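Take the given structure of chain V and dock chain X to it, following the hints.
Here's the letter readout for the chains.
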Amino acid sequence: MITKRQATEATALLLMAVVPLVFGGNAYIMGLITLVVIYAITLIGLDVTVGYLGQVNLGHAAFMALGAYAAGLATTKLGWSMAPSLLAAMLVGLVTGALLALPALRLEGPQFALATLSFASLVVILLNELEGLTNGAQGLSLVRPALFGIKLSPAGFYWMCLALLSLIWMGMRNLLSSHWGRSFEALRDSPIATDAVGVSVYGRKVTAFALGSSLGGLAGGLYGFDFQYLQPDSFRYDLMVILLLGVVLGGRKSLWGALLGAVLIVMLPNLLSARPVFATIAILGFVASLLAAWHRRRISSTISFQAAAPIAATGLMVLGGLFAQSLEDWRKAVFALILFAVVVGLPEGVMGCVERALAGLFRVGRRPLPLPCSLDEVLPAQEPDQEPGLENNGAVRLEVVGLSCRFGGLVALDRFNMKVRAGEVHGLIGPNGSGKSTAINVISGLYPPATGYVRLDGRLLPSGNLVRAARAGIGRTFQNLQLFFGLSALENVMVALRHVYCLPLPLIMLGFGVREEETARSEALSLLNLVGLGDHAEIKAQDLPYGAQRFLEIARALACRPRLLILDEPAAGLSLPDIKTLLGIMDRIRERRIPVILIEHHMDVVAQLCDRVTVLDGGKVIATGTPGEIQTDPEVIRAYLGSIACTGGACTGVANNKTSSAAC
Amino acid sequence: MELINNGQMLVSGAAMGFVYALVAYGFQMTYATSKSINFGQGELVMVSTFISLTAAESGLPYALVVPLGLLVGAGLGLFVERVAVRFALAQKSEGWILMTIILGLFAISAAENIWGKDERPFPTPIGRASLDIGGGIGVTPVELSVALGVILVMVLIEVFRRWTLLGKAVDAVSADRDAAELMGISATTAIAISYALSGAVAAFAGILVAPITSVGPSMAATLILKAFSVAVVAGLQSGGGVAVVGIGLGILESLASFHIGSGWRETPGLILLILALALRPNGIFGKAIIRKV
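Those sequence lines, one after another, are chains V and X.
With the first letter of the first sequence counted as 1, position 246 gets the number 246 in our numbering; the numbers rise by one all the way through.
To convert, take the position in the second sequence, counting from 1, and add 1000; that gives our numbering.
Next comes chain V alone, as it looks inside the complex:
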């Protein structure tokens, strides 16, 4: 079945393919459209980091340079033909991209941008200085090699580029609609939660960056064969700015945006050489930003920066268009003004706006939900052995021994010991600041312990690594919600269904991921049913009511098939009916015999749910036992209420009321 989207794409491809048949004789037009296709490939690559990963990448021009020189040297020095040279260009981009990403992507924000910027400068210096290999600043002339023995005409070369673009387009489409694309959304919303479901943010980012860089390398190789002359300086800062302009102007996170951006940046130099055209477009931009400001004015009475900045920028462009002596001299300033107006006034880019307008016109039909599969398939019940709940009964699943954790001078956790048995719900309580959250953060790998270790099912748990702990079987929720707010409830759960996704990345890009995707949808739906959210599957997480968001986190943690589930204050802030739902969910989890650690301040919830309870105070365990034992423990009463000397039932009643009201 052909969807509307595929039909649009096929039409666009066909239109682009027939251009040489009409304008084949016109070298100028052929040059322009070839460049558009090459830029589109490189912009798709750049969009991976700038758009999908949301990080400012200033090194993309360097990957183009490396690819261009790799392909150029492969033909000139080694005599390779077209296909292997381009493959070499792509590989060089992939490998150098991975090498840069490995250290750089452990960084966030400005440090990452700086790392890519200095890498780019380093590459240009190297290409300039290694004269023996690259001819340095003199430049490298090369002859376009044959493709499988066929000498390519300009039209032939263009068609080859177009074919590559279509392949890349399809591959990216498949990638983005798979769990990879979903994890990109997830890691921008909450990197910690992405790690905590065992999907490595770092691994995904490095892979995606290397992939984007390989497209840069490929585009660089094509660029070299297009111009048949290479110079290190053509890959400097200026090119990077132009590439960023293309992505931002076209629209981030969009394949169409990349193509549109490529068209725009190829047109720009021609725009600058024709003053009347430039002035007209500048005036149009000015009017558009005035209109936008007027439109916004009706909503709020003050003129915002977002409205004023594009007016100022386009206003300057109008002045430039009318009075500047030579627009070519002011090229960079014009780029800067356009970029500025777009970044502030049109952050989604041109394509973002078009897509929003189109979405209003044509409603895109939702894919129908599949039938949920049986819960036993998703969440196999864990080994049913002895009766749970009884003292020293049931195999020990989690064993925490001598765990300590310090933050500077503060000892948050002091030689903490704990055992969780099969099928048991184990409460972890204590006054505020007693170290409960630190304890589960160390167990789940968020913080490395200073001393001690954790065993899960007899095996040592990796310490200080959220991803590896999750893969070893720890599933957890968070005290402050860490949902993927931009994704639907169903997709939130799908991100965590690691066991469903086995296909390697290349096969996914070739489009073999569809079956996995269907399985994941039905399994996710079944988990949503477990927490009572089956009817809300397609609602965005941010639009769910608060209680439902808490339950969604539990469903997501269960999707990891945890061997131990950690719930961090699941009842915090819940209304009474929601607490009833939570109790129901806990019953169903207990049926699957998944061991649970429950941090909770509602003592009635603790008393009702927990088989055993461990009480922490000042980082130390002060009591362990059944809820009944804990409630009468004098040490526990002192920790909660201070040193009131009392014994017996009357005081524990006070303790209960006090703690449960303190939690509200």
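Source of the hints: derived by calculation from the structure; they are not laboratory data.
These figures come from a predicted structure and were not determined experimentally.
In this text, a Cβ means the ideal position worked out from N, Cα and C, and glycines have one as well.
Among the clues, some could well be false.
[Said to hold, decoys possible] DSBU-like cross-link-like pairs, simulated, lysine-lysine; straight-line CA separation at most 35 Å:
no., chain 1, residue 1, chain 2, residue 2
1, V, K332, X, K1092
2, X, K1035, V, K540
3, X, K1117, V, K332
[As the list claims (entries may be wrong)] Okay, the calculated bits of chain X under chain V, using three or more residues with CB under 8 Å as the criterion:
no., region
4, 1226-1237
5, 1258-1268
Frame of chain V; chain X shown alone:
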């Protein structure tokens, strides 16, 4: 001869190193308050130095050129904060990286058109005749003025931060923005002040270095990458340390350009930066950040 050459390289490299340290110091100030830095700081240095040059050429005495340059730098810093940083910070996005790059791009284009693309000498009343400091190694008064000027500014700013109410307010915002705002300190104002100071410091670095390197649009790019390297290697969070790293880098690149070739002048800084990011991403003097949930 070899030894003397190396010694001479050491001295001139150290003088440049002081300048890198000063610009890097400016980065740390804005990073402390707002977790953002001006990617167009090199262009800011260039524009403010060009304005100072124009003032000096029109007959303004040097004693007035310096304060004028500082004022211009502070003004440009405020402009950058208002136009490129505040909006992005309000949206909690990293858009300021792109926005400050854009401003820098505009500045460099404007400078090329207003002052031309050629390198121009910067007049100074301080002597250029080399003084022998022993062993045939010479140091010029200009180089000395750079070192002294940089130290003076750093001391002044430390005094401002520790002993004035305004400085303490800026420090409070650096330590904990939310808590400072609850105490009635305007974080926006503190960030603006840090940008103004950072701009003034950068402008001063330009005035100090211009007699040695001359003024031109290209001074932006060469200065900025090294200042970045110094700031990152020393640690963006730490106040001290930049001087040590800056001088070290200045010496290293001066030796590299002398022994390997002038085209390689920039490589030590870039390699150092990438190494530091790979091995100690929070810098030599920086502290590790705890992930919070």
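To see whether the hints hold, each was checked on the structure:
no., hint, in the structure
1, V:K332 - X:K1092, "holds (28 Å)"
2, X:K1035 - V:K540, "holds (31 Å)"
3, X:K1117 - V:K332, "holds (14 Å)"
4, 1226-1237, "holds (count 4)"
5, 1258-1268, "holds (count 5)"
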